Amino acid sequence: MLIIECPWCGPRAESEFAYGGEGGIARPLATESMSDEQWGDYVFMRKNPKGLHHEQWRHASGCGKWFNALRDTVSYRFQGTWKIGAEPPAAFSRLGAAGADPAGAAVTPVSSAANATADGAAR
Amino acid sequence: MQKFSIWSLLRNAASYHEGWQRQWRAPEPKREYDAVVVGGGGHGLATAYYLAKEHGLRNIAVVERGWLGGGNTARNTTIVRSNYLWDEATHLYEKSMKLWEGLSQDLNYNVMFSQRGVMNLGHTLQDMRDIERRVTANRLNGVDAEVLSPQQIQAMLPFINLNTRYPVLGASFQRRAGVARHDAVAWGFARAADALGVDLLQNCEVTGIRREGGAVVGLDTARGHIRTKKVAIVAAGHSSVLASLAGFRLPLESHPLQALVSEPMKPIFPTVVMSNAIHAYISQSDKGDLVIGAGIDHYTGYGQRGSFPIIEGTLQAIVELFPLFSRVRMNRQWGGIVDVSPDACPIISLTPVKGLYINCGWGTGGFKATPGSGWVMAHTVAQDRPHPLNEAFSLDRFHNGHLIDEHGAAAVAH
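First to last, the sequence lines map onto chains A and B. Heads up: the first sequence begins at 695 in our numbering, then just goes up one per residue. Heads up: the second sequence begins at -11 in our numbering, then just goes up one per residue.
Please keep in mind that the hints were generated in silico from the structure rather than gathered at the bench. Take these hints with a grain of salt, some might be off.
Unchecked claim - Partner residues are not named here, just some residues of chain B that face chain A (Cβ under 7 Å, in silico):
no.	residue
1	TYR154
2	PRO239
3	THR288
4	GLY289
Stated by the list, open to error - Okay, the calculated beta carbon distance ranges per label pair:
no.	chain 1	residue 1	chain 2	residue 2	range
5	B	MET116	A	SER787	41 to 47 Å
6	B	ARG163	A	SER755	54 to 60 Å
7	A	SER787	B	GLY185	47 to 53 Å
8	A	SER787	B	ARG127	46 to 52 Å
9	A	SER755	B	PRO376	44 to 50 Å
Fair warning: this is a prediction, and the values are worked out from it, not measured in the lab. Positions of the beta carbon are idealized from the N, C-alpha and C atoms, including for glycine.
Okay, chain A solo, but in the shape it has when bound (with noise of 0.2 Å):
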């Protein structure tokens, strides 16, 4: 079992959490100029790293809210997690340029639309 530090609750187990997918892909602003293409790319495509991950979580079974997390997708390690639009850790600079994310990329589940421009802008 995990133990995932919520930014606003502090460590608690694996199952109290909801995984939220890859994180920092903000949602495009000119959507009506997108062609099919770029509404795909944002809507399925994903960088699925072997290694480090940015990435979203949610407190679901605690108080309720997303925030960032880095993770090592081999060692499943948590190296550290971020409330929206805070500073990321130092360890964020180590996403390469395979992981980090592309400007203007964008993101997140729809459920968490708003805190997710909060996100981008942060960034």
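Got chain A; can you put chain B on it based on the hints?
Using the frame of chain A, we list chain B on its own:
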């Protein structure tokens, strides 16, 4: 290739079984191949076999990071069925089922395909409506399927507890479905492909995909550079990693999926039972152990191990349905890395890179499709265009919106 038969068995018995040959060679990589398959699991080996057998390509290789059949081929719960909901998926899986039915003879290797039936339980009225719909759709597509009543289920499994927290209201049943010996499938395809001249290169991780002018020209591997104009990526959980080497992304997320087996017992379980709603499936291997499949971990991961809460949930469901298994001891538990696509259907497709083909996204249910997957992938690679059976499973569908939504429909909870 040394042909297996009752006569070869008798002949070798007479010489104290000292005359058996190695089943495949361990060749050094050539500098150039006409086509290279990346991934030496069941699907990759089947692709190579059908490329050689059906399309006459003999100067080809399979490159494998570890050993043959050491990934998901060795980690699944061996279930084979074709009772999918949508036409495209049903036709693909049914093609595979037809190949399964003649596979041991075709490969001259006993894959122990056992058509003992697969039952998908329904626990709610909506489950039963979905089952009626899927069974009807299957029959319209020429796939055998029937709806079982609780009494019929009880007759087949006298020890099932029908009135639990998860009352059993009925089931769908496919009699031609069943199980196969998963390792034998990889070994059978490997042996048959090797006999047709395919080089099987193990411990040969791909570290780079070389391209010129948007087309593949070769692979960098742990065993040196290999020139080739055609590369087929058939790498399941690591598909996204390989695609990133070629500069594009896939609509996949790789998750750990767990399974476990019990200590061996006398024969008690005559079929395969799957439950969509409570996510548990169970069968008994020919060796006697109960083979139990759990669900995926919700987070992505490449660690080939899963989390305990998932196993706990699955075993709670199994014990609720089959209380007599409550004291059975579990022997081993493991995880495989499954590449889950947004619509729970595979991607068997050309890619943005010329000469690069991909077969991935089988998610939690690829084993059943092993021969059919290889069959259509071989056609796609050899002809540079998809077979009619896999046209619908292109990468384009995530841009044009023609998804084949088998999530929930496919008699599997994902």
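Verification of the supplied hints:
1. TYR154: Check failed: Cβ of B/TYR154 comes no nearer than 20 Å to chain A, outside 7 Å.
2. PRO239: holds, 4 Å
3. THR288: holds, 6 Å
4. GLY289: holds, 5 Å
5. B/MET116 x A/SER787: 41 to 47 Å: violated, 54 Å
6. B/ARG163 x A/SER755: 54 to 60 Å: Violated, at about 42 Å.
7. A/SER787 x B/GLY185: 47 to 53 Å: Given about 50 Å between the Cβ atoms, the range holds.
8. A/SER787 x B/ARG127: 46 to 52 Å: violated, 58 Å
9. A/SER755 x B/PRO376: 44 to 50 Å: holds, 48 Å
Checked against the numbered hints listed earlier, the structure breaks hints 1, 5, 6 and 8; every other hint is satisfied.
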